[in-house]
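Novice: With these hints in hand, go ahead and build the complete structure from the sequences.
Below, each chain spelled out in residue letters.
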Amino acid sequence: MSDLTYNGTELLATVASRILKDGDSVFVGTGLPVIAGMLAQKTHAPGLLVFFEAGAIGPIVPQLPISVGDSRTIHKAVAASSMHDLMSMCQAGYADYGFLGAAQIDAYGNLNTTAIGDWDKPTARLPGSGGANDVASFVHKMIIILRQSKRSFVEKVDFITSPGFLTGPGAREKAGLPSGGGPFRVITQYAVYDFDPQTKRLRLYSLHPGVTAQNVQENSNFPIDIPDIVGTSPTPTAQELRLLREVIDPSGIVIGK
Amino acid sequence: MSEKHVRILDEGIAPLIQPFDLDEFRAHNRAKEKALVDKRMSESEAISKFVTEGCYVGIELYGTVRCPMSLTRELIRKGYKKLRGVGQGVFEADLLAAANCMKELDWTYIGLEVYGVSSSLRRGVESGYIERVVEWSNAAIAWRFKAAAMGVPFVPARTMLGTDTFKYSSAKAIECPFTGKPVALIPALVLDVGIIHVHRADKHGNCQIDGITGFAAEMAAASKNVIISAEEIVDTDEIRKAPDQTVIPYYLVDAVIHAPFGSHPGEMGGLYERDEEHIKNYFDNSSDPTKTKDYLDKWIYGVGSHEEYLRLVGTDRLESLRIKER
Numbered sequence: 001m002s003d004l005t006y007n008g009t010e011l012l013a014t015v016a017s018r019i020l021k022d023g024d025s026v027f028v029g030t031g032l033p034v035i036a037g038m039l040a041q042k043t044h045a046p047g048l049l050v051f052f053e054a055g056a057i058g059p060i061v062p063q064l065p066i067s068v069g070d071s072r073t074i075h076k077a078v079a080a081s082s083m084h085d086l087m088s089m090c091q092a093g094y095a096d097y098g099f100l101g102a103a104q105i106d107a108y109g110n111l112n113t114t115a116i117g118d119w120d121k122p123t124a125r126l127p128g129s130g131g132a133n134d135v136a137s138f139v140h141k142m143i144i145i146l147r148q149s150k151r152s153f154v155e156k157v158d159f160i161t162s163p164g165f166l167t168g169p170g171a172r173e174k175a176g177l178p179s180g181g182g183p184f185r186v187i188t189q190y191a192v193y194d195f196d197p198q199t200k201r202l203r204l205y206s207l208h209p210g211v212t213a214q215n216v217q218e219n220s221n222f223p224i225d226i227p228d229i230v231g232t233s234p235t236p237t238a239q240e241l242r243l244l245r246e247v248i249d250p251s252g253i254v255i256g257k
Numbered sequence: 001m002s003e004k005h006v007r008i009l010d011e012g013i014a015p016l017i018q019p020f021d022l023d024e025f026r027a028h029n030r031a032k033e034k035a036l037v038d039k040r041m042s043e044s045e046a047i048s049k050f051v052t053e054g055c056y057v058g059i060e061l062y063g064t065v066r067c068p069m070s071l072t073r074e075l076i077r078k079g080y081k082k083l084r085g086v087g088q089g090v091f092e093a094d095l096l097a098a099a100n101c102m103k104e105l106d107w108t109y110i111g112l113e114v115y116g117v118s119s120s121l122r123r124g125v126e127s128g129y130i131e132r133v134v135e136w137s138n139a140a141i142a143w144r145f146k147a148a149a150m151g152v153p154f155v156p157a158r159t160m161l162g163t164d165t166f167k168y169s170s171a172k173a174i175e176c177p178f179t180g181k182p183v184a185l186i187p188a189l190v191l192d193v194g195i196i197h198v199h200r201a202d203k204h205g206n207c208q209i210d211g212i213t214g215f216a217a218e219m220a221a222a223s224k225n226v227i228i229s230a231e232e233i234v235d236t237d238e239i240r241k242a243p244d245q246t247v248i249p250y251y252l253v254d255a256v257i258h259a260p261f262g263s264h265p266g267e268m269g270g271l272y273e274r275d276e277e278h279i280k281n282y283f284d285n286s287s288d289p290t291k292t293k294d295y296l297d298k299w300i301y302g303v304g305s306h307e308e309y310l311r312l313v314g315t316d317r318l319e320s321l322r323i324k325e326r
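Respectively, the protein sequence lines represent chains C and V. Our numbering puts the first residue of the first sequence at 1, with every later residue one more than the last. Our numbering puts the first residue of the second sequence at 1, with every later residue one more than the last.
It should be emphasised that the hints constitute simulated quantities derived from the structure, not laboratory data. Heads up, a few of these hints could be off.
Some, not all, of what chain V presents toward chain C, calculated at C-beta under 8 Å [as the list claims (entries may be wrong)]:
id, residue
1, Y62
2, E104
3, W107
4, R122
5, N138
6, K146
7, A157
8, R158
9, L161
10, T163
11, A184
12, G211
13, I212
14, G214
Have a look at the derived ranges for each label pair, beta carbon to beta carbon [stated by the list, open to error]:
id, chain 1, residue 1, chain 2, residue 2, range
15, V, P15, C, T167, 23 to 29 Å
16, C, G180, V, L22, 35 to 41 Å
17, C, K150, V, V6, 41 to 47 Å
18, V, T290, C, E246, 38 to 44 Å
The beta carbon of each residue, even a glycine, is placed where N, CA and C say it ideally should be.
Specialist: The following block contains the structure:
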């Protein structure tokens with residue numbers, strides 16, 4: 001099956017989808033996360049419980065929603081609730097996974113989606129937290145998807161919009177965040193990362209096909225822990241590619257990019 | 001008996017954009033009309049009657065879903081320049097920024113989701129026209145409304161802690177007097193005016209929403225005055241047939257506007273899809289201030305009412321957006 005061609009976004013969607021297991025619950029936003037959730041539902045995890053932050057609970061999403069509140073998010077849902085209800089349930093511990101993107105990430109998985117440069121005189125104002133800070137605070141395992149470069153993998157993010165492990169081991173709990181949460185995986189166009197359980201620093205987990213550890217390090221402004229043995233990321237199967245292209249995002253709004 | 005103190009561990013640097021007085025809020029709510037009176041009026045009448053320059057407004061929606069766009073366009077047409085408000089928005093917040101209507105913002109997310117950050121908004125903040133921004137998360141905004149709706153000064157929460165989102169907010173963190181652990185206090189937000197679009201309302205302001213309700217119930221109860229636009233005005237008997245569907249009861253509401261396709265170019269769950277071409281066209285042109293102004297001139301300043309706006313969009317276009325079956 002090595003002749004299957006896929007683009008970077010399709011690979012990211014597949015890698016993210018394979019992390020989700022049947023019977024897990026996942027809090028999703030728009031774009032790639034919902035694609036990963038839909039792909040998991042249509043392949044190995046039909047019982048995946050999906051939450052959309054604006055209130056949809058347990059939908060069987062037929063086609064890519066454009067907005068977290070759009071009608072497709074409540075297709076065959078078991079409940080249509082509110083932001084307050086959904087966020088409360090996540091705070092009370094019902095969401096296993098949550099997906100986040102970011103413009104910047106640091107070695108502890110802290111994320112910036114608020115501003116580049118000084119907050120009060122930004123060189124670029126970004127959308128802000130939205131539900132991101134809440135997802136990062138509440139879910140048990142946070143999955144981060146972003147484009148990796150020296151500009152996005154930075155020693156210190158310009159603004160901590162959403163908490164990773166903050167300053168290291170114990171920092172989340174000391175700040176008052178629910179215990180045991182935090183970043184779980186980081187997925188980029190080069191590799192998948194996890195976090196060292198002792199240091200809480202980002203560590204290489206698997207390389208995408210054709211990528212070397214050197215590539216990974218060259219595209220980061222902080223040193224990445226590279227273990228002796230590193231796996232290879234899964235690549236999309238023919239079935240996954242067909243689902244992504246023909247069923248989930250036929251007009252290529254996200255995967256076409 | 002020795003005096004006990006709750007320890008404040010940390011506090012955001014921003015003063016509240018909208019300080020609150022809950023006893024004043026109670027007195028205001030006590031004086032609100034409780035009789036079933038007819039509150040129907042036009043967008044123009046409602047905005048003129050309840051929105052004063054400099055007041056604090058909230059526009060409720062989610063993404064581009066159920067946006068009170070006919071009321072947003074009327075706000076812009078009226079020419080307010082110094083409104084304060086809460087930005088949990090997408091297209092509507094962008095238009096308000098493009099038209100320089102806002103000076104101060106409690107901000108959680110302003111962007112166009114899959115399309116990214118809009119240039120109008122960037123210009124508003126980066127140029128300094130928007131003078132004050134206070135950061136929040138979505139849950140924090142929901143719970144700021146919830147606190148006001150409950151008539152309490154704050155809701156304790158386990159979000160925003162340890163981050164710059166907290167630092168640039170008006171939240172505080174205390175040592176919880178029950179557990180001894182740090183907890184964030186999310187302050188109440190009492191709005192001067194809440195603007196909400198619903199599927200159906202009666203003339204008294206009883207409102208029903210199909211599908212997810214976003215921030216609607218909390219924001220309505222947190223607002224001193226509520227302006228409702230509705231796709232359909234129904235008899236009160238219809239409301240009474242399904243009282244469990246009522247998200248906002250009438251006494252919270254001050255104005256009811258009949259606005260079919262009131263969310264256009266956003267969508268309305270179960271009724272019509274969003275007008276992707278319209279939104280994309282706006283977004284693509286938003287990087288150019290002249291083209292943004294052209295948009296405002298054509299679609300907002302150039303029309304006098306929602307009816308005229310719908311005529312400009314065209315019946316065929318609107319009909320093509322209608323959801324045929326559920």
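Novice: Holds or violated: the 23 to 29 Å window for the beta-carbon distance between V/P15 and C/T167?
Specialist: Holds, since V/P15 and C/T167 (Cβ atoms, about 27 Å apart) stay within the stated range.
Novice: For the hint on V/N138, just tell me whether its beta-carbon gets within less than 8 Å of chain C.
Specialist: holds (4 Å)
Novice: Holds or violated: V/I212 as interface residue toward chain C, Cβ cutoff 8 Å?
Specialist: holds (3 Å)
Novice: Honestly, do C/G180 and V/L22 meet the 35 to 41 Å range at C-beta?
Specialist: For V/L22 against C/G180, whose Cβ atoms are near 36 Å apart, the range 35 to 41 Å holds.
Novice: Can V/G214 be said to touch chain C, with a Cβ gap under 8 Å?
Specialist: holds (5 Å)
Novice: Take the shortest C-beta to C-beta distance between V/G211 and chain C; is it under 8 Å?
Specialist: This hint holds: V/G211 lies near chain C, its Cβ roughly 5 Å from the closest one there, short of 8 Å.
Novice: Min Cβ distance, V/A184 to chain C: is it shorter than 8 Å?
Specialist: holds (7 Å)
Novice: Should the interface hint for V/R158 be scored as holding, given a Cβ-Cβ cut-off of 8 Å against chain C?
Specialist: holds (5 Å)
Novice: Does the closest beta carbon of chain C sit nearer than 8 Å to the beta carbon of V/W107?
Specialist: Holds. Min distance 5 Å.
Novice: Can we keep the V/T163 interface hint, with Cβ of chain C closer than 8 Å?
Specialist: holds (4 Å)
Novice: With respect to the beta-carbon atoms only, verify the hint that C/K150 and V/V6 lie 41 to 47 Å apart.
Specialist: holds (45 Å)
Novice: Given V/K146 as an interface hint, is the shortest Cβ-Cβ distance to chain C below 8 Å?
Specialist: holds (6 Å)
Hint compliance for this structure: hint 2 alone is broken.
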